[in-house]
Every structure is written in C-alpha cells, then in structure tokens.
Amino acid sequence: MGESKTVEIERGRLKYVRTMRQTSNGWTTTGSWFTSKLGKRLDGDSFDGCDASPNESVEAFVCFRFEDIRMKITVVRMLGDEIEVATVLDSDSRIGGSKNAGEWASQEDGRWLVFKDFFYNVVSDQRIEVKGLPDYPAQSYRAASPDLSKVVYFGDCFISDFEMSPELRKLREGMCSESGADSAQGRASFWVTDTSTGSSEIIKIELAQNDWVLWDRQRFPARRDWLKHVQSRIVWERTATGGFAPRFY
Numbered sequence: 001m002g003e004s005k006t007v008e009i010e011r012g013r014l015k016y017v018r019t020m021r022q023t024s025n026g027w028t029t030t031g032s033w034f035t036s037k038l039g040k041r042l043d044g045d046s047f048d049g050c051d052a053s054p055n056e057s058v059e060a061f062v063c064f065r066f067e068d069i070r071m072k073i074t075v076v077r078m079l080g081d082e083i084e085v086a087t088v089l090d091s092d093s094r095i096g097g098s099k100n101a102g103e104w105a106s107q108e109d110g111r112w113l114v115f116k117d118f119f120y121n122v123v124s125d126q127r128i129e130v131k132g133l134p135d136y137p138a139q140s141y142r143a144a145s146p147d148l149s150k151v152v153y154f155g156d157c158f159i160s161d162f163e164m165s166p167e168l169r170k171l172r173e174g175m176c177s178e179s180g181a182d183s184a185q186g187r188a189s190f191w192v193t194d195t196s197t198g199s200s201e202i203i204k205i206e207l208a209q210n211d212w213v214l215w216d217r218q219r220f221p222a223r224r225d226w227l228k229h230v231q232s233r234i235v236w237e238r239t240a241t242g243g244f245a246p247r248f249y
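Using my numbering, the letters of the sequence shown correspond one by one to residues 1 to 249.
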C-alpha cells in the first residue's frame, strides 16, 4: 500500500478536504468533501476536481465533472450559514470541453469566472453576456477590465470549433497570415475584445522588452502566480469616453 496524504484548502468558513493515495500511476483521490466552521458537510466525491477562488476572503470553489458526453461546472459556496451548490454550466464536452471550464477573471478579485459566452459571479450568481471572444478561455485568456467590458487574450491564429462572425473570422485569418513573420521578429499579439459588441483590436508588443508575456515556470511554478504577475503588467487606463483601454508594461 502506497503513501497517503490529506490536502485541505480553506476559503473563509469553507474548507475543501481531499484524501489521496500514491499508486504506481501517481496520486489517486480516495475521497473528498466540504465542511464549514458551522459544522455543515457536503460530499465532494461527485466532482472530478475543485479549484479555490484565488482571493482567500471569497468563500467559493469552482468544481467540474465529466459524465458521458456532458461537462458540468458547479460552484460550491457559503450562502449565509449554509453550504450552497450552484450549477454554472452543463454542456456537451465534445464542444469546447475543459477549454471552457472557466478561468478566474482576476487573480486579485476572485469573484468572477470567464467562459466563452459569459462572466459568472461565484458570490452573487450574476451572469454577464460576453460576445466575440476568439477562443475558449483556457490557455489564451489573460485579463479583463475592472468593469468587465474588455477582455485580453494572448495569441494570434486561434483554431476553434464554434461559429464566428464574418468580422472575427476575417481578423483571425489576417492574424494567421502574419503569425510567421511576427514570431520571426519576436512580436507577441494580444486581442482586446469589447464584450458588449464583440469587436476586437490587435495590439502587438516586443517579447524582448516584455519577459512577462511567456510563462517562466522556474520563476512561477504555479500558473496562478504567473497570471497574477501578468495581470499586474496589464494596466487599465480610462479613455476620453469613460471606458477602459489596456496598457502593457
């Protein structure tokens, strides 16, 4: 019998507990559950995995489970003195799959998740429609403006399995044709999308002057810590019309 261990992650009054056992194939989960400091308990074995809000004061976890061809995204949170479970997304896992399992919109705020078509607030249950993202959030998403009106993606030639508007398709094709030259000249591309209209603009920056663009795994072993650093280098400034525009430093 291999070594066993218990992992505990707390967010306020809510704690996620997972027991694991080491096997020849690595660590295997043998049980999981949620508890609150008020003595409440929720079985967590119905989830394949859970991720805590990056903000330790936000009492919420986002969990996922694959059932046949369905992918279910669920939030477990404290509502008053009770542990509440809320379904966020129930979709065909063959379309998007884990690439659309939700990314934390801000590593500081930790209340909003971003999906391809909407933002979701893990505390209030609020949803905000999102238009025109060029890809699913996993891997490509980098940041959102404070009012969630703009989203920043990193990349150039996205290959997606969903319908695009003619304008978005034309922009993507143009970026694909330029990707080779940009790579050779050390340029990185960011898409800045207006979430209410779906329109995007492209901003290109020099990689040599912006070493934060690519993930340095030695400096930031955890992707969450690297994304927090990335978001600190994307500064949102007010425009003359009262909106937000990103500046890359």
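Hint data in this document are derived by calculation from the structure and do not stem from the laboratory. Hints should not be assumed to be uniformly reliable.
[What the hints assert, rightly or not] Within a straight-line C-alpha distance of at most 27 Å, the following computed BS3-like cross-link-like pairs (lysine-lysine) qualify:
{"no.": "1", "residue 1": "Lys-40", "residue 2": "Lys-72"}
{"no.": "2", "residue 1": "Lys-15", "residue 2": "Lys-40"}
{"no.": "3", "residue 1": "Lys-5", "residue 2": "Lys-15"}
{"no.": "4", "residue 1": "Lys-228", "residue 2": "Lys-131"}
{"no.": "5", "residue 1": "Lys-99", "residue 2": "Lys-228"}
{"no.": "6", "residue 1": "Lys-170", "residue 2": "Lys-228"}
[Unchecked claim] Here are the computed distance ranges between Cβ atoms for each label pair:
{"no.": "7", "residue 1": "Val-235", "residue 2": "Glu-56", "range": "41 to 49 Å"}
{"no.": "8", "residue 1": "Lys-170", "residue 2": "Thr-30", "range": "49 to 57 Å"}
{"no.": "9", "residue 1": "Ser-160", "residue 2": "Arg-127", "range": "20 to 28 Å"}
{"no.": "10", "residue 1": "Asp-90", "residue 2": "Glu-56", "range": "47 to 55 Å"}
{"no.": "11", "residue 1": "Gly-12", "residue 2": "Glu-206", "range": "25 to 33 Å"}
Everything numeric in this text was worked out from a predicted model, so none of it was measured. Idealized CB from N, CA, C, for every residue including glycine.
Is it true that Ser-160 and Arg-127 lie within 20 to 28 Å of each other by Cβ?
holds (22 Å)
Could you check the hint for me, namely that Val-235 and Glu-56 are 41 to 49 Å apart, CB to CB?
The hinted range 41 to 49 Å is violated for Val-235 and Glu-56, with Cβ atoms some 24 Å apart.
Under the criterion that the straight-line Cα-Cα distance not exceed 27 Å, is the pair Lys-99, Lys-228 satisfied?
Roughly 20 Å between the alpha carbons, so the hint for Lys-99 and Lys-228 holds.
Pair hint Lys-15 and Lys-40, alpha-carbon separation not exceeding 27 Å
holds (10 Å)
If I claimed the Cβ atoms of Lys-170 and Thr-30 lie 49 to 57 Å apart, would that claim hold in this structure?
At roughly 51 Å between Cβ atoms, Thr-30 and Lys-170 fall inside 49 to 57 Å, so the hint holds.
Within 47 to 55 Å: is that where the Cβ-Cβ distance between Asp-90 and Glu-56 falls?
violated (29 Å)
Between the alpha carbons of Lys-40 and Lys-72, is the straight-line distance 27 Å or under?
Given that 27 Å is the threshold and the Cα spacing comes to 24 Å, the pair holds.
Does the Cβ-Cβ separation between Gly-12 and Glu-206 fall within 25 to 33 Å?
The hint (25 to 33 Å, Cβ to Cβ) is violated, given that Gly-12 and Glu-206 are roughly 42 Å apart.
Starting from Lys-5, check that the Cα of Lys-15 is at most 27 Å away, please.
holds (16 Å)
What's the verdict on Lys-228 and Lys-131, does the C-alpha distance respect the 27 Å limit or exceed it?
Answer holds: Lys-228 to Lys-131 is near 24 Å, not above 27 Å.
Lys-170 and Lys-228: Cα distance at most 27 Å?
Violated, at about 32 Å.
In terms of the numbered hints stated before, the structure departs from hints 6, 7, 10 and 11, listed from lowest to highest.
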